[in-house]
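J.: Listed here are the chains, written in short residue letters.
Protein chains: 2
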Amino acid sequence: MAFLDELPRVSTSAEDLAAVATDRSGTVPDGLPLAVVRASTVDDVRTALRLAHEHGVPVVPRGAGTGLAGGAVAGPGTVVLDLSGLDRIVEIDDVDELAVVEPGVITADLDRAAAEFGLRYAPDPASAAISTIGGNIATNAGGMRCVKYGVTREAVLGLDVVLADGRLISTDRRTVKGVAGLDLTALFVGSEGTLGVVVGATLRLRPLPAHTFTAVAAFDSVRAAATACTELARTRRDPSLLELLDGATLGVIDRAQGTDYAARGRALVIAQADGAAAESEIAAIAGVLGKEATWTEQAVDPAASERLLFARRMALPSIERFGRALIEDICVPRSRLADAFQGIEEIASRHGVGIYSFAHAGDGNLHPIIGYDRMSDAVQRAGDDLFALALDLGGTVTGEHGIGLLKRDWLAREAGQDVLDVQNSLKAALDPRGILNPGKAF
Amino acid sequence: MAFLDELPRVSTSAEDLAAVATDRSGTVPDGLPLAVVRASTVDDVRTALRLAHEHGVPVVPRGAGTGLAGGAVAGPGTVVLDLSGLDRIVEIDDVDELAVVEPGVITADLDRAAAEFGLRYAPDPASAAISTIGGNIATNAGGMRCVKYGVTREAVLGLDVVLADGRLISTDRRTVKGVAGLDLTALFVGSEGTLGVVVGATLRLRPLPAHTFTAVAAFDSVRAAATACTELARTRRDPSLLELLDGATLGVIDRAQGTDYAARGRALVIAQADGAAAESEIAAIAGVLGKEATWTEQAVDPAASERLLFARRMALPSIERFGRALIEDICVPRSRLADAFQGIEEIASRHGVGIYSFAHAGDGNLHPIIGYDRMSDAVQRAGDDLFALALDLGGTVTGEHGIGLLKRDWLAREAGQDVLDVQNSLKAALDPRGILNPGKAF
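Those protein sequence lines, which keep their order, are chains X and C.
Number 147 in this note's numbering belongs to position 147 of the first sequence; there are no gaps in the numbering.
Number 72 in this note's numbering belongs to position 72 of the second sequence; there are no gaps in the numbering.
One chain only, chain X, in its complex shape (with noise of 0.2 Å):
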């Protein structure tokens, strides 16, 4: 196609193609896409939509591939729109409390380039250290201290977007509140890439808590370690972490990382409290926790912290070293928690499948993980009642993780078929051509 010459800073060739082609969802499309753009400004990716909504071209914006629900996986006929170049922090307004950033920029990289000011940017994917804001922001990204402070859409007060045509919108604020006019800022947060490219934003800082204490504590069950948790949301505690890993998962990172845990007990969970009041509030947490604790342990300076944190950040790629891994992303009321470790329990016996799961507990955002050599039918159905059971709880099919390509049948399941009517006709009325990553998000 001619066009794709007009495109800016393009590369067409298959190696290049390849390397931007899936992400980390593990998705392979059925051919490459016919063009990459490697964005370096705002202007590229102006003149990109251009020319592909000229052209009718489907695009698929991309920062640094690291989504789990194939929301940057792109097929034939697409032209990757790879914004990872555009990766400046503009500025840290330690006063007003903000960043401005463009959308390439490395998550850890800000949260560090806060801390200079004692500030933190409070979202912190699993993936920060790999993942770009303009992705977090593509997701509503959440985190291991959402419990506390929120997912993504709490921290972004205004957004610079590329629209399908190629004309660029501010919603930008640079106050803490306003409401003048449609939230259009919240619309395009969780949004996919569907309705507008992020070429920049405004983003909350939070201060950097002065103190973080950490508690475990081990149970003999996963459904006491979960009630557990659910008798600290009754008690009104305010931890900012609550982890809580199954059996499974502590097997796994002892056979990975030659540890001890599944010696202590059959479900373990993580908690910290940080702030002017995080001492006594890890010791009402402690207490709460430590009712029915076969195991505690409490760590005061952040070596300890880090390493009671050490079989949480260790889940993962433990389970990772000895097979694949369909990671998934289910959230259900806190009340069900316990009820959902037990239905999970049940799926992987029914269907004769592993399944590691841990969750972010205070949220009731839980992440089982089936282990798998080869994938095969009962990989598939099992996944199926995983999404299954999260609607029979009165949950939803994803917490932080995005609906992508691979949800989009259980969201027309959990949304109806009215609330995707509207949603398309918002995307109709945003992006008429349906140029914006096509097929993903709903």
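Don't read these hints as lab results, they were simulated from the structure.
One copy or two, it doesn't matter: identical chains are merged, so the pair holds either way.
Lysine to any residue pairs mimicking SDA-like chemistry, simulated, CA-CA at most 25 Å apart: (1) Lys291 / Ala210; (2) Lys148 / Arg223; (3) Lys291 / Asp94; (4) Lys148 / Gln298; (5) Lys291 / Leu308; (6) Lys291 / Ser280; (7) Lys148 / Leu208; (8) Lys291 / Phe117; (9) Lys291 / Asp93; (10) Lys291 / Val95; (11) Lys291 / Gly118; (12) Lys148 / Ala115; (13) Lys291 / Ala304; (14) Lys148 / Ala210; (15) Lys148 / Gly118; (16) Lys148 / Asp93; (17) Lys148 / Gly158; (18) Lys148 / Glu279; (19) Lys291 / Thr230; (20) Lys148 / Phe117.
Got chain X sorted already, so can you dock chain C onto it with the hints?
T.: Frame of chain X, contents of chain C only:
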């Protein structure tokens, strides 16, 4: 019009119509609406909208009519849809920390009901005792607690919405997190009844803090007071309330209430801290404020705290005792707070009008109140200059009251034509016949 007779629970009596024709903006439309539907079920709302859609008749949704921007003003040719009769608190779940309510519930009633479970509904607009949750959602209402707990949007998990054609959709969610599809919930919040009619809401509740401590400090100038508030941000303290009153406001409170605040200084800052760290936080906050203060006081029990908050609560009633009040609602970056107060003083002096100013200082959200007996050109020009000031300082023309009828011209200046075009295209997608609160919000 014959279709009026088909409307459920309808009245066309002049007395009933006069009672619902305007809101607290004081805007008087040039004639009465056609009819008022006093909905008491969701089906009433669906039927009314279906009929209005068929006949192309504009509908003005209405809660308690406490809005200050004219969002509920209903002129000739419109049907008012009064939702105040949908007033049930359906459920409070004290483990999942959420409430399910109908839109006509009075905000303070929900807060009281939540308190029985050790919880609270955090958003607290000054109108909380008389405004409805539905109205709060329509304007994305703020309040004094927002500085720590966020605005209404942060408290809304899901909504039941009747669309323009009478279809009922639910964006409902009982989980803390969820990223399935576009964030319709956030789009409806703050849309001022232009995209759909909220008939149910699932709201996030927060733990009721065990302690709330209060500190006040007087300063010899409003600039010194504003600078102290900015300094507080720089020291990374975490106030749960941070209010600032200028000298004119202190004077009018003294005249109306017989107090002697003006004798203590030319500006007053009131701060609270709550939660487990309340005691150490308020000590640190008082320390920062105290550096340049002419007078300070602290309170540790609820009665004394309430006494210290008295000035703030009496500010608007005191002003209104001596005349009419044009209540503005600009928001600037926190770092520009002192500049905003100085700009307001210059505007007052330039136009020869009296402006009383107080602010949710922690959010940079100022309420300059122009006192007047008869509306004049000078009052209107001063109002316009206040909006211009907000934009000059990188702020917004409305922090928490909304655009309504009164600020539409200024929204165009703040947002720009491309953003307005996007808003209008979303409106057209959801309300193709344009019957929902036309001429409001954007």
